[in-house]
Amino acid sequence: MEEKARVGKNHNIILTGREKLSVSGVADVMNFDETEITLQTSQGALHISGSDLHVEKLDLELGEVSVTGLISALDYSEVAPGGSLWSRIFG
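Counted from 1, the sequence shown has number 13 at position 33 by our numbering; the numbering is strictly sequential.
Derived by calculation from the structure, the hints in this document are not laboratory data. None of the values given here were measured: they were computed from a predicted structure. Honestly, I wouldn't trust all of these hints.
[Claimed, not checked] Simulated pairs of lysine to any residue, SDA-like, Cα-Cα distance not exceeding 25 Å: (1) 0 - 52; (2) 0 - 27; (3) 0 - 29; (4) 0 - -10; (5) 0 - 55; (6) 37 - 4; (7) 37 - 53; (8) 0 - 23; (9) 37 - 55; (10) 37 - -3; (11) 0 - 16; (12) 37 - 16; (13) 37 - 22; (14) 37 - 49; (15) 0 - 32; (16) 0 - 13; (17) 37 - -4; (18) 37 - 13; (19) 0 - 56; (20) 0 - 49; (21) 0 - 30; (22) 0 - 46; (23) 0 - 14; (24) 0 - 44; (25) 0 - 11; (26) 37 - 14; (27) 37 - 2; (28) 0 - 54; (29) 37 - -1; (30) 37 - 25; (31) 37 - 8; (32) 37 - 15; (33) 37 - -2; (34) 37 - 57.
Construct the entire structure; sequences and hints are all you get.
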């Protein structure tokens, strides 16, 4: 449990050529489709916009997500009330 808490605090983004995005410090996937992905990170909600977006890797234990596609924007916001997509479905 300590490892998960420690990983959650380290948030990094690596964007390679607007076509590959690696994100660490991810706690949950809040929303995703081919044009937008929203991740809950240790620094707030990260909104990824683009086209033909695909989640290539998802490891919430390590807090890592990899996205491919044409990435046009990255934007942070505070988490909206209501929680994540998964907590609203199964909560």
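Results of checking the hints against the structure:
Distance hint between residue 0 and residue 52 is fulfilled; the C-alpha atoms sit about 11 Å from each other, no more than 25 Å. The suggested pairing of residue 0 with residue 27 holds, with an alpha-carbon distance near 15 Å, which does not exceed 25 Å. Taken as a hint, the residue 0 and residue 29 pair is honoured in the structure, with Cα atoms around 13 Å apart against an allowance of 25 Å. Distance check on the hinted pair: residue 0 and residue -10 sit about 20 Å apart at the alpha-carbon level, within 25 Å; holds.
For the given pair, residue 0 sits about 16 Å from residue 55 by alpha-carbon distance, which is consistent with the 25 Å threshold. Taking the CA atoms of residue 37 and residue 4, the gap is about 11 Å. The hint holds against a cut of 25 Å. A threshold of 25 Å between alpha carbons decides the hint, and for residue 37 with residue 53 the separation of about 20 Å falls inside it, so the pair holds. Between residue 0 and residue 23, the direct Cα distance comes to roughly 20 Å. Compliance with the 25 Å bound is thereby established for this hinted pair.
For the hint linking residue 37 to residue 55, the alpha-carbon distance of about 20 Å falls within 25 Å, and the restraint holds. Under the criterion of a C-alpha separation no larger than 25 Å, the hint pairing residue 37 with residue -3 is consistent with the structure, at around 18 Å. Taken as a hint, the residue 0 and residue 16 pair is honoured in the structure, with Cα atoms around 14 Å apart against an allowance of 25 Å. Distance restraint check for residue 37 and residue 16: the Cα-Cα separation of roughly 16 Å lies within the 25 Å cut-off, and the hinted pair is therefore satisfied.
Simply put, residue 37 and residue 22 have alpha-carbon atoms about 18 Å apart, close enough for the 25 Å limit, and the pair holds. The straight-line distance between the Cα atoms of residue 37 and residue 49 is roughly 13 Å, inside the 25 Å bound, and the hint therefore holds. With a C-alpha separation of about 12 Å, the suggested pairing of residue 0 with residue 32 holds against the 25 Å cut-off. Distance check on the hinted pair: residue 0 and residue 13 sit about 16 Å apart at the alpha-carbon level, within 25 Å; holds.
For the given pair, residue 37 sits about 15 Å from residue -4 by alpha-carbon distance, which is consistent with the 25 Å threshold. For the suggested pair residue 37 and residue 13, the alpha carbons sit about 15 Å apart, so the restraint of at most 25 Å is met. Between residue 0 and residue 56 the CA atoms are separated by roughly 18 Å; this keeps the pair inside 25 Å, and the hint holds. For the given pair, residue 0 sits about 7 Å from residue 49 by alpha-carbon distance, which is consistent with the 25 Å threshold.
The suggested pairing of residue 0 with residue 30 holds, with an alpha-carbon distance near 11 Å, which does not exceed 25 Å. The suggested pairing of residue 0 with residue 46 holds, with an alpha-carbon distance near 7 Å, which does not exceed 25 Å. At roughly 14 Å between alpha-carbon atoms, residue 0 and residue 14 fall within 25 Å of each other, so this suggested pair holds. For the given pair, residue 0 sits about 13 Å from residue 44 by alpha-carbon distance, which is consistent with the 25 Å threshold.
For a cut-off of 25 Å, the pair hint linking residue 0 to residue 11 stands: about 18 Å separates their Cα positions. A distance of roughly 15 Å separates the Cα atoms of residue 37 and residue 14; the hinted pair therefore holds under the 25 Å criterion. Distance hint between residue 37 and residue 2 is fulfilled; the C-alpha atoms sit about 9 Å from each other, no more than 25 Å. Restraint check for residue 0 and residue 54: the C-alpha separation of about 13 Å stays at or below 25 Å, so the hint holds.
The straight-line distance between the Cα atoms of residue 37 and residue -1 is roughly 14 Å, inside the 25 Å bound, and the hint therefore holds. A distance of roughly 18 Å separates the Cα atoms of residue 37 and residue 25; the hinted pair therefore holds under the 25 Å criterion. As the CA atoms of residue 37 and residue 8 are separated by approximately 13 Å, the hinted pair is consistent with the 25 Å bound. Proximity of residue 37 to residue 15 is assessed by CA-CA distance (about 17 Å); at most 25 Å being required, the pair is judged to hold.
The suggested pairing of residue 37 with residue -2 holds, with an alpha-carbon distance near 17 Å, which does not exceed 25 Å. Restraint check for residue 37 and residue 57: the C-alpha separation of about 23 Å stays at or below 25 Å, so the hint holds.
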